[in-house]
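A.B. asks: Since the structure of chain Y is provided, determine the placement of chain L on it from the hints.
Protein chains in written order, with UniProt numbering: chain Y, 1 to 554; chain L, 1 to 554.
Careful, some of the hints might be misleading.
Unchecked claim - Which bits of chain L does chain Y cover? Going by a derived footprint, with three or more residues having C-beta under 8 Å, they are:
no. : region
1   : 101-108
2   : 165-177
3   : 184-193
4   : 202-211
5   : 506-520
These are computed hints drawn from the structure, not numbers from a lab.
The C-beta atom is built at its ideal place from N, Cα and C for all residues, glycine as well.
Protein chains: 2
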Amino acid sequence: MGALRLPSLTSLSSAAAAAVVPRYYFCRQLRLPLRSLSAAKFSVQSSTVEKEIAATTPELEASSQKPKLQPEKDRVITPRSKDFNAWYLDIIANAELADYGPVRGTMVIRPYGYAIWEAIQDYLNVKFKETGHSNMYFPQFIPYSFIEKEASHVEGFSPELAVVTIGGGKELEEKLVVRPTSETIVNHMFTQWIHSYRDLPLMINQWANVTRWEMRTKPFVRTLEFLWQEGHTAHASPEEAEKEALQMIDVYTKFAYEQAAIPVVAGRKSKVETFAGAAKTYTIEAMMGDRKALQAGTSHNLGQNFSRAFDTQFMDENGQRQHVWQTSWAISTRFVGGIIMTHGDDVGLMLPPNLAPIQVIIVPIWKKADEKVGVLSAASTAKEALQAAGIKVKIDDSEQRTPGWKFNFWEMKGVPLRIEVGPRDVSNGSVVVSRRDIPGKQGKVFGISMESSTLVAYVKGKLDEIQSSLLERAKTFRDGNIVDVSSYSELKEAIAQGKWARGPWSASDSEELKVKEETGATIRCFPFEQPEGTKKCLMTGNPADEVAIFAKSY
Amino acid sequence: MGALRLPSLTSLSSAAAAAVVPRYYFCRQLRLPLRSLSAAKFSVQSSTVEKEIAATTPELEASSQKPKLQPEKDRVITPRSKDFNAWYLDIIANAELADYGPVRGTMVIRPYGYAIWEAIQDYLNVKFKETGHSNMYFPQFIPYSFIEKEASHVEGFSPELAVVTIGGGKELEEKLVVRPTSETIVNHMFTQWIHSYRDLPLMINQWANVTRWEMRTKPFVRTLEFLWQEGHTAHASPEEAEKEALQMIDVYTKFAYEQAAIPVVAGRKSKVETFAGAAKTYTIEAMMGDRKALQAGTSHNLGQNFSRAFDTQFMDENGQRQHVWQTSWAISTRFVGGIIMTHGDDVGLMLPPNLAPIQVIIVPIWKKADEKVGVLSAASTAKEALQAAGIKVKIDDSEQRTPGWKFNFWEMKGVPLRIEVGPRDVSNGSVVVSRRDIPGKQGKVFGISMESSTLVAYVKGKLDEIQSSLLERAKTFRDGNIVDVSSYSELKEAIAQGKWARGPWSASDSEELKVKEETGATIRCFPFEQPEGTKKCLMTGNPADEVAIFAKSY
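Next up, chain Y with everything else stripped away, as it sits in the complex:
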């Protein structure tokens, strides 16, 4: 899959959808063959794999009869405003980000989607090392008895476990859990490695796959198996552990703002929403395009919960044995879903330049054969100049598609900038540059000099502008959809309107659960940024220290 290719055909029609395409679509003919990723197929529960396979076979047979590049029908992506979920799945299929695996709820991450994950990894991996963590790898098979050692951990995870009961053809005496997270096995090993205060802090991270037997799945957002990093640290004091947990949620927050252009709200989870086994959970909550919240990263202060369960002790400077204080923190491939649902629009994906696998697509345009050489040569010179400057650039010089088709295709793929080079541009020594985030003429600038340093500087400047612009746009959207509430009825109204409600909260866990039952919204977090002044709980009228944010979530 060296070269990106066209989405394949589908038999699914969406005539209704085609009627609601946005205005600027009609400027040029959109001729993208639509590949469908059926929501039902992914999320409906089915314990039988056979059924899945049988269900997909006829479809495959049908589509493999047709050469891919001659679509029978031209279709568009379901408009976001019409059906957010269908839009999301259409984008994933058409931009070739992922596909369904054969087992219910599993996902194949395709090269273009995986490249976004690699960009996330590249950034975070450096930050983790800068903050003193080393990568390592723990086995994924965990003895069942380990999971049972920490009481709230087993309660939280046991319904979601995949269990290996047969190994090498024999029934195992002890069942093995396929890791849903690694706190238990990490502590088993930490207990062997930590003896003295000199061994602390112990700060590690692993990039790994994890498995949670989820019933309602959705590509990237919630899959049976997903990829993530999980940091695990052990410290000699509770203050150090708390500092670490806060440091890592801060790393995630900066990553979300600066790389993903997602203006997350960082804060602390309520007791009800705290990770199974943690003392405190910090979170970054992102507002998606449908205004539902996505928990995009978490950092847990585990206190001594796991160190007591696994007897992870150290000798302190006074010769006293103490249990270590710990943290764990994670970001997963779910984040890719967050990027799609924050920035995407009716046209397709819109990627923040800092994480885009292709930042600039060059489309050479020619009609006559004698124009071709000059145009391709100019395109290639531009490509080399940009590449040498560290910009991720690609030329689409295929002859099977029109320039208009290519414009649409690469806009759908979310490439931030497009450079057009035609015969007139060649003779003028200039190019045309179009922004993905500003449709039509407004985002298009003519006559940018082809001279290498000028072009590189211009492109870099534009990529920075797009990066900032995506963040600003998302901030405006977020702030326009958070409502300050001071009573339960105001909260209910805000949630009914699909918004986030922010209000003082000091009520009980059961009242929190009542809100969930009655409105579908949960406390996403007590944000770190708190308003000044005295507050009264929106539910009870009692004094409250903090405001909480309530929202429906993924």
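C.D. replies: Chain L in isolation, oriented as in the chain Y frame:
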């Protein structure tokens, strides 16, 4: 585990071993506390995890009573010549490369060992992309029925499978295999993505964990779960697939020679040794320090075996449907074991500079307090100069250990170069540089200028020299241990001497199996480099086209 720490204590003694330490050891006191990694614990079969856990607990209890930095006894690593296996396990424990996981046969890869794997990944990942492959990710759970589709594949892998039978608390209708390799699920997906010749070649790679229920395990070399990359490609013709399979074994060969300084023998596997499901298997075979062969990487031409089983077809340029021709290729964490067993010596690990997590260790030396500032400042200046030049460098300025102890420790960890900075060096503006691969005075050069550009150039030159020198040494060792044989009795003698036997071979599969039964040796490969002239099969006397290499192997 940001900082590298000392190996922890053990209760295991090896008094006998201490008597056979090499000559140069006695120049200075070796005071490394030995951590043991029991071979028995790792390789003995036990279907119960509980037993393992119970067995380790008392040991943990005992060792955690003692502060780690005050060893009761000073011990050395078991000499390589005395017990190769014990030496190997001692190195893994003391250099903190890996530890045992709680489940029999599983391994925890610790930061120093993982950093070697990361260096391998960094190099190969670039090469894979340069040769047109994209990374992606397939789910690890494979429907059991998939494995059964390709006849020889199921025969080869079914005894080694880990099987998930419970998901989300319920018995699954179809059992799921935890991937032992991904050809089956890859083909299931390729069938959906490939329609026309325009979709080919399809060239992908994934970095992943795989599980094989091995009975006899050994850290890195053979573990129940291991990390690897697996490339999978589909082509429109058998010639293209063959070219790809050869290209990738060539990438591996260059990697082994140039990065790992391992002079592998590249060649083709015999039919008996071919991968379950492949038409042809190419391999790189490395000679370990005990002269056993290690299969260090393989590349398979799968022909149409999987495409027929999964009906992976494309429409060719003439409108005819054809099954695709495929390849797959892999290198795993086993390669880390290969590096240890190729270059290590009685002192410990010896890492090739191109893959060493730390290429240069700086040991500042002072006695009086007033010397300290000058020495540390000079060490730090040297570090910054080297780091700025892209050299991986670390200062060991801990005050709890003597310089002699540090010398031993970092030699044991296999760091290629050591820089010593003492008060006299500071006043002379120079440093002392010692090579890990040349023991004692011979490898030590005094009076290297501290001036940045001079020091950087000198260190770079030395690292290159060490890289070449390790390769040359390994080549000499390899060539001195391959015996050309022309009869079965000569073959038996060579194998009995622990060497590799190379001789003409055109005998049957059953005769090949007879050799294995009678000598313990197998055909490692028919090497690409073949001697000139006519040949007669060493077993039958019939004409033979090629020589084969026979050896005992891991």
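A.B. asks: Run every hint past the structure and note whether it holds.
C.D. replies: Outcome of the hint check:
1. Only when three residues or more bring their CB closer than 8 Å to a CB of chain Y does the claim for the region 101-108 of chain L stand; here the count is 6, and the claim holds.
2. Counting residues of the region 165-177 of chain L whose CB lies closer than 8 Å to any CB of chain Y gives 11, which reaches the minimum of 3, so the coverage claim holds.
3. Counting residues of the region 184-193 of chain L whose beta carbon lies closer than 8 Å to any beta carbon of chain Y gives 6, which reaches the threshold of three, so the coverage claim holds.
4. Counting residues of the region 202-211 of chain L whose CB lies closer than 8 Å to any CB of chain Y gives 6, so the stated coverage by that chain holds, three being the minimum.
5. Counting residues of the region 506-520 of chain L whose CB lies closer than 8 Å to any CB of chain Y gives 0, which falls below the minimum of 3, so the coverage claim is violated.
Of the numbered hints listed earlier, the single one contradicted by the structure is hint 5.
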